[in-house]
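The listed protein sequences correspond, in order, to chains U and L. The numbering of the first sequence is the numbering used here, which starts it at 138 and goes up by one. The numbering of the second sequence is the numbering used here, which starts it at 12 and goes up by one.
Simulated from the structure, these hints should not be mistaken for lab results. These figures come from a predicted structure and were not determined experimentally. Glycine included, C-beta positions come from ideal geometry on N, C-alpha and C. Keep in mind that a hint or two might mislead.
[Said to hold, decoys possible] Using 16 Å as the maximum straight-line C-alpha spacing, the simulated EDC-like pairs for lysine to aspartate or glutamate come out as follows:
1) U:Lys240 <-> L:Glu594
2) L:Lys369 <-> L:Glu581
3) L:Lys97 <-> U:Glu298
4) L:Lys97 <-> U:Asp539
5) L:Lys97 <-> U:Glu299
[As the list claims (entries may be wrong)] Covered, in the sense of this in silico footprint (three residues per stretch, anywhere, with C-beta under 8 Å from a C-beta of chain U), are these stretches of chain L:
6) 88-101
7) 438-451
8) 552-565
[Stated by the list, open to error] Counterexamples of contact, computed for chain L against chain U with all Cβ distances above 12 Å:
9) Leu129
10) Asp181
11) Arg270
12) His302
13) Glu312
14) Val348
15) Arg525
16) Val539
Now for the letters of each chain:
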Amino acid sequence: MVRVSGPDAGVLLCRLASDLAEVPEPRRATLVKLQDPDDGSSLDRAVVTFYQGPASYTGENLVELTCHGGRLVPSLIADALMRAGGRQATPGEFTKRAYLRGKLDLVQVEAVADLVEARSRAMHRAALGHLERGLSRRITKLREGIVGLEAMLVHHIDFPEEDDPPVPVTRIVDEASWIIKEIAKMLRTAPEGQLLREGALTVLAGQPNVGKSSLYNALVGEERAIVTEEPGTTRDALEVAVQLGGFPFRLVDTAGLRDGGERIEQLGIEVARRYLDSADLVLLCVSAIDRLSVGELAFLSEATDSPVVLVETKIDLLAKRDVDYGGLGLPVDMREKLAGHLRVSAMTGEGLDQVKQLLPELVYSAVVSAKEEVPVLTRRRHALALEVALSEVSDFTEALADGLPAEVASTHLRAAATALEEILGVISVDDVLDAVFAEFCVGK
Amino acid sequence: MRNFYGVIVVGGGHAGAEAASASARAGVRTLLITPDLSRIGQMSCNPAIGGVAKGVVAREVDALGGLMGQATDASRIQFRMLNRSKGPAVWGPRAQCDRALYPLAVRRVLERLELLDLFQDMVSDLIVDKGRVRGVRTPGGLVFGAETVVVTTGTFLRGRIHIGGEQGMDAGRAGEAPSLDLAEGLEGLGLEVARFKTGTPPRIDGRTVDFQKVERQDGDVSNYRFSAYAREPIPEQRPCWITWAGKDLKSVVLENLERSALYGGHISGQGPRYCPSIEDKIVRFPDAPRHQVFLEPEGLETTELYVNGLSTSLPPDVQLEIMRTIPGLEEVVMTKVGYAIEYDYFPPHQLRQTLELKQIEGLYFAGQINGTTGYEEAAGQGIVAGINAALKVRGEKSFVLGRDEAYLGVLIDDLVTKGVDEPYRLFTSRAEFRLLLRQDNAPRRLGLLAKNRGLLTLQQDEALRERLEEENRLLHWFRETNIEPARVEELLSDADSGALHQPVRASELLRRPRVDGRELLSAMGKSVQGQLAEEALIAVEVELKYEGYVRRERERAQRLREQAGFVLSEDLPYLEFLSLSHEAREKLAGVRPATLAQAARIPGVSPADLQNLILEVRRLKSSQGSTLAS
Ligand SMILES: Cc1cc2nc3c(=O)[nH]c(=O)nc-3n(C[C@H](O)[C@H](O)[C@H](O)COP(=O)(O)OP(=O)(O)OC[C@H]3O[C@@H](n4cnc5c(N)ncnc54)[C@H](O)[C@@H]3O)c2cc1C
Ligand SMILES: Nc1nc2c(ncn2[C@@H]2O[C@H](COP(=O)(O)OP(=O)(O)OP(=O)(O)O)[C@@H](O)[C@H]2O)c(=O)[nH]1
Ligand SMILES: [Mg+2]
Numbered sequence: 138m139v140r141v142s143g144p145d146a147g148v149l150l151c152r153l154a155s156d157l158a159e160v161p162e163p164r165r166a167t168l169v170k171l172q173d174p175d176d177g178s179s180l181d182r183a184v185v186t187f188y189q190g191p192a193s194y195t196g197e198n199l200v201e202l203t204c205h206g207g208r209l210v211p212s213l214i215a216d217a218l219m220r221a222g223g224r225q226a227t228p229g230e231f232t233k234r235a236y237l238r239g240k241l242d243l244v245q246v247e248a249v250a251d252l253v254e255a256r257s258r259a260m261h262r263a264a265l266g267h268l269e270r271g272l273s274r275r276i277t278k279l280r281e282g283i284v285g286l287e288a289m290l291v292h293h294i295d296f297p298e299e300d301d302p303p304v305p306v307t308r309i310v311d312e313a314s315w316i317i318k319e320i321a322k323m324l325r326t327a328p329e330g331q332l333l334r335e336g337a338l339t340v341l342a343g344q345p346n347v348g349k350s351s352l353y354n355a356l357v358g359e360e361r362a363i364v365t366e367e368p369g370t371t372r373d374a375l376e377v378a379v380q381l382g383g384f385p386f387r388l389v390d391t392a393g394l395r396d397g398g399e400r401i402e403q404l405g406i407e408v409a410r411r412y413l414d415s416a417d418l419v420l421l422c423v424s425a426i427d428r429l430s431v432g433e434l435a436f437l438s439e440a441t442d443s444p445v446v447l448v449e450t451k452i453d454l455l456a457k458r459d460v461d462y463g464g465l466g467l468p469v470d471m472r473e474k475l476a477g478h479l480r481v482s483a484m485t486g487e488g489l490d491q492v493k494q495l496l497p498e499l500v501y502s503a504v505v506s507a508k509e510e511v512p513v514l515t516r517r518r519h520a521l522a523l524e525v526a527l528s529e530v531s532d533f534t535e536a537l538a539d540g541l542p543a544e545v546a547s548t549h550l551r552a553a554a555t556a557l558e559e560i561l562g563v564i565s566v567d568d569v570l571d572a573v574f575a576e577f578c579v580g581k
Numbered sequence: 012m013r014n015f016y017g018v019i020v021v022g023g024g025h026a027g028a029e030a031a032s033a034s035a036r037a038g039v040r041t042l043l044i045t046p047d048l049s050r051i052g053q054m055s056c057n058p059a060i061g062g063v064a065k066g067v068v069a070r071e072v073d074a075l076g077g078l079m080g081q082a083t084d085a086s087r088i089q090f091r092m093l094n095r096s097k098g099p100a101v102w103g104p105r106a107q108c109d110r111a112l113y114p115l116a117v118r119r120v121l122e123r124l125e126l127l128d129l130f131q132d133m134v135s136d137l138i139v140d141k142g143r144v145r146g147v148r149t150p151g152g153l154v155f156g157a158e159t160v161v162v163t164t165g166t167f168l169r170g171r172i173h174i175g176g177e178q179g180m181d182a183g184r185a186g187e188a189p190s191l192d193l194a195e196g197l198e199g200l201g202l203e204v205a206r207f208k209t210g211t212p213p214r215i216d217g218r219t220v221d222f223q224k225v226e227r228q229d230g231d232v233s234n235y236r237f238s239a240y241a242r243e244p245i246p247e248q249r250p251c252w253i254t255w256a257g258k259d260l261k262s263v264v265l266e267n268l269e270r271s272a273l274y275g276g277h278i279s280g281q282g283p284r285y286c287p288s289i290e291d292k293i294v295r296f297p298d299a300p301r302h303q304v305f306l307e308p309e310g311l312e313t314t315e316l317y318v319n320g321l322s323t324s325l326p327p328d329v330q331l332e333i334m335r336t337i338p339g340l341e342e343v344v345m346t347k348v349g350y351a352i353e354y355d356y357f358p359p360h361q362l363r364q365t366l367e368l369k370q371i372e373g374l375y376f377a378g379q380i381n382g383t384t385g386y387e388e389a390a391g392q393g394i395v396a397g398i399n400a401a402l403k404v405r406g407e408k409s410f411v412l413g414r415d416e417a418y419l420g421v422l423i424d425d426l427v428t429k430g431v432d433e434p435y436r437l438f439t440s441r442a443e444f445r446l447l448l449r450q451d452n453a454p455r456r457l458g459l460l461a462k463n464r465g466l467l468t469l470q471q472d473e474a475l476r477e478r479l480e481e482e483n484r485l486l487h488w489f490r491e492t493n494i495e496p497a498r499v500e501e502l503l504s505d506a507d508s509g510a511l512h513q514p515v516r517a518s519e520l521l522r523r524p525r526v527d528g529r530e531l532l533s534a535m536g537k538s539v540q541g542q543l544a545e546e547a548l549i550a551v552e553v554e555l556k557y558e559g560y561v562r563r564e565r566e567r568a569q570r571l572r573e574q575a576g577f578v579l580s581e582d583l584p585y586l587e588f589l590s591l592s593h594e595a596r597e598k599l600a601g602v603r604p605a606t607l608a609q610a611a612r613i614p615g616v617s618p619a620d621l622q623n624l625i626l627e628v629r630r631l632k633s634s635q636g637s638t639l640a641s
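Can you build the whole structure from these sequences, using the hints too?
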């Protein structure tokens with residue numbers, strides 16, 4: 138599909154479609170013959186739709202040409218359009234025009250960018266929600282709540298001689314705590330939203346030869362890492378972006394952890410440790426047929442910031458030989474510290490589905506379990522502004538509780554409202570007054 | 012009387028009196044023309060000055076050297092500080108005045124101004140030549156030349172009074188002729204005109220009120236003065252009374268609704284939402300069980316009472332009937348009927364921030380003619396217009412107050428930027444920087460500005476200097492004095508505030524809730540004596556007590572000022588800026604904002620429009636001189 142936006146979009150179309158006497162009726166698909174504007178040679182037959190600004194995506198006149206596929210035909214048409222007076226759009230230019238025409242707010246613009254870049258179904262869904270004003274609507278509603286709070290306070294400041302008493306502080310505090318809860322609920326999605334954008338950093342670690350690279354390849358679905366019978370095969374960390382259950386992960390295979398070994402291997406182990414420090418999730422791989430080693434036990438008992446899933450590998454071996462291996466020897470207190478305990482075989486594929494299921498649940502619990510439509514904050518900018526709003530509204534209730542006068546405390550509300558406005562871009566104090574008049578009977 | 016003046020002010024209401032005196036104080040020869048010199052400064056409606064936000068405006072007018080504060084002090088017969096129970100940042104001084112004494116005080120002050128002449132006449136026409144005002148003409152053919160003219164004719168332009176459902180009659184106020192010629196003349200200049208309405212309640216004979224049945228409301232016992240510069244003797248004080256209209260009133264109003272001019276469809280102008288007639292209150296809030304009615308004295312030498320809360324355009328017989336449903340008024344005798352009035356105003360987007368018309372150089376509008384309501388709003392515009400007219404004559408740069416500097420700044424900016432769709436009145440919620448715009452700090456905020464532009468009299472200069480010196484002394488004391496725990500043990504326990512363990516600064520202690528500045532001073536063996544010191548202490552105390560918050564507001568204001576730094580020249584071809592929405596183009600072309608910040612406040616101009624505006628202005632600058640092929 139080729140799109141043309143601008144005041145002359147319809148005129149350009151007519152230059153290519155000689156059988157069109159004038160710009161077609163808006164929003165009606167029409168089949169036309171397209172010809173080269175210079176030599177009149179035939180280009181294609183295409184379905185064209187004209188949108189009259191401002192009722193179009195960009196808010197300007199817009200033409201959509203649906204032509205035959207492939208690479209050649211669209212590029213021929215684009216080339217002809219440029220010779221007829223058009224210009225190649227710069228990246229994102231259509232969206233930028235839509236924003237500048239007031240068709241999209243800032244959050245939606247960001248969502249368009251996210252949609253284009255989305256690398257997982259979950260991110261795609263979040264971006265789509267934002268584009269459909271899920272987030273904008275929420276923020277607008279919160280802002281209205283804050284403006285309403287101020288109206289409640291201000292009413293009695295501006296009309297102190299009215300018959301009705303001031304709105305009781307308890308009601309104002311109730312209202313404020315609803316807003317605080319709402320914002321907090323949205324903010325809870327922020328860490329996961331951030332992961333949704335970047336992918337959760339998931340590190341496979343363990344002693345040499347336990348089968349990390351084999352599991353890694355099985356999860357990625359491609360032979361990315363080299364697998365050999367030799368311990369110490371993987372020397373450097375390997376990172377790849379994958380989707381598990383529709384959620385984005387950055388899977389990292391690392392060098393097996395052990396003392397000794399050559400210098401290269403030791404450097405690889407250094408890298409592995411650094412990855413472990415910043416991991417969102419650690420898969421500690423151990424061989425199902427061995428008892429936990431001292432090193433592995435030490436690893437488990439060391440306090441790590443990130444959740445650890447214990448993965449027993451090579452479970453096919455357990456079934457093959459009729460030997461009782463006597464279990465891993467996992468102490469009970471350590472069992473409790475684990476975020477999960479899985480058993481897989483990279484060879485038979487057994488247990489892989491459980492891995493793919495458990496990982497999203499662990500990392501994206503808030504997003505997965507959110508029954509009601511809480512928009513996920515995928516951008517730092519939104520989260521920062523909401524954090525400011527949250528602390529201002531909290532300061533506001535604290536100030537009221539400290540007995541500060543309403544008009545002093547309300548400076549916090551103005552700051553909170555401003556923070557939210559900055560997400561969307563609205564500025565006006567008159568809203569406060571309008572809210573006052575809508576709700577109260579004022580006389581004198 | 013001369014043939015030529017620097018400034019001629021047309022109309023002697025609150026706007027006119029302030030404008031004329033301001034330009035005379037600024038050293039420019041000024042003429043005030045009004046049809047009845049004995050009615051200069053007359054209060055058309057309730058004889059009360061001040062209130063929430065409005066009281067701060069009265070203080071601001073005073074701080075700029077105006078009459079309003081002084082005239083109020085000289086005529087007030089009841090005073091109350093509204094919002095006393097709330098924080099001092101929103102205190103609203105309100106005075107009930109003697110209707111006769113107020114104009115007398117105004118006249119007295121005006122007549123002391125050497126450069127001001129008064130002349131009793133109507134103005135029927137303005138003389139305008141090549142887009143510049145040259146003078147005024149009277150119906151008798153007198154002509155006065157002027158460099159600048161300030162028009163402040165209030166509700167008089169094509170004023171029409173309605174009492175009940177008949178046709179209405181032409182009048183500027185009850186018993187006074189409207190201005191018809193001037194209205195036509197102004198419209199003939201190509202200015203846009205629109206219509207508003209307002210109303211006033213009936214007055215009653217106080218001897219016919221049963222005071223046993225109404226509640227007495229005494230004023231504060233206080234020597235509060237609106238004026239920071241003049242020390243007028245304060246008259247004897249009088250109480251007001253409160254009673255409540257109940258369901259009997261409601262049924263009488265509903266029965267007679269079609270006889271109301273407002274509801275009978277005889278009035279087209281839009282009225283104020285916040286000053287509704289009793290008809291409006293009953294119709295819009297049918298569930299309200301009762302409506303408050305204040306009986307307020309009209310003066311010391313009269314028993315007449317103003318029935319606040321009963322503004323109406325019902326016929327006289329119904330007015331009496333509804334009053335007699337009210338407890339205490341069963342036998343009441345009416346002295347004046349209430350009425351509604353509709354009048355022309357000139358939508359204020361036609362003005363610059365100086366209140367000069369964009370289209371006509373040297374012509375200024377101030378007061379109700381700009382779509383506002385209220386004495387304080389009128390006076391505030393009057394003083395700003397008068398100052399600017401005088402500065403223009405002096406060839407100096409204009410005087411514009413920011414939204415963070417004064418309610419007057421908020422008022423005028425709202426008018427010229429947002430326009431009005433109902434008679435405009437000030438509220439604290441219209442101001443972004445409520446904490447900065449207080450009644451207590453008006454002299455500090457505006458006094459120095461006025462002094463530096465040569466707008467104060469010598470006597471006012473001197474009073475300002477004393478006031479600020481006193482404030483500085485106190486500020487210094489609180490900031491520099493260390494207080495030993497033992498000295499304030501009792502004070503703190505009385506204030507229910509934690510005991511001290513080591514010495515702290517007085518200013519820090521003052522920041523605690525319930526700790527009082529005066530008590531702190533007296534615990535340290537200092538006393539506050541005299542009104543000047545008391546007033547200064549209040550100002551200093553508020554400033555210090557909420558210092559953190561006040562600082563935050565100042566920072567916010569600063570950010571806004573930075574936006575104001577993006578200047579938009581007055582001749583921008585807005586209609587050609589096709590990247591802006593159609594609505595924004597039209598609005599911007601109408602308002603012609605001076606800065607980006609002002610553009611941002613225009614309703615209908617979106618953030619996206621603002622961004623485009625920046626781009627368009629930059630593009631325009633870079634393409635000037637060369638033509639662009641398209
Ligand atoms: C009936 C009524 C009810 C009101 N109710 C309220 C209310 O409830 N609440 C409230 O806040 N405010 C109310 N007001 C408003 C308040 O009175 C005004 O806002 C305020 O007085 C306006 O001041 P001003 O100086 O603009 O005009 P005004 O005070 O109206 O003064 C206008 C002056 O211009 C003079 N003049 C007129 N035409 C000419 C001419 N051609 N040549 C020379 N001089 C001329 C007049 O004689 C008068 O002196 C009411 C006003 C009226 C009339
Ligand atoms: N039977 C069986 N063998 C496996 C399984 N997974 C891995 N192996 C074997 O175990 C050996 C080591 O596998 P790798 O995946 O290279 O192990 P690693 O942990 O990456 O080893 P290093 O990179 O050396 O640390 C290879 O010979 C694999 O074939 C499994 O699930 N079942
Ligand atoms: Mg490996």
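Results of checking the hints against the structure:
no. : hint                  : verdict
1   : U:Lys240 <-> L:Glu594 : holds (14 Å)
2   : L:Lys369 <-> L:Glu581 : holds (10 Å)
3   : L:Lys97 <-> U:Glu298  : holds (13 Å)
4   : L:Lys97 <-> U:Asp539  : holds (14 Å)
5   : L:Lys97 <-> U:Glu299  : holds (15 Å)
6   : 88-101                : holds (count 7)
7   : 438-451               : holds (count 8)
8   : 552-565               : holds (count 4)
9   : Leu129                : holds (35 Å)
10  : Asp181                : holds (29 Å)
11  : Arg270                : holds (22 Å)
12  : His302                : violated (6 Å)
13  : Glu312                : holds (26 Å)
14  : Val348                : holds (20 Å)
15  : Arg525                : violated (8 Å)
16  : Val539                : holds (23 Å)
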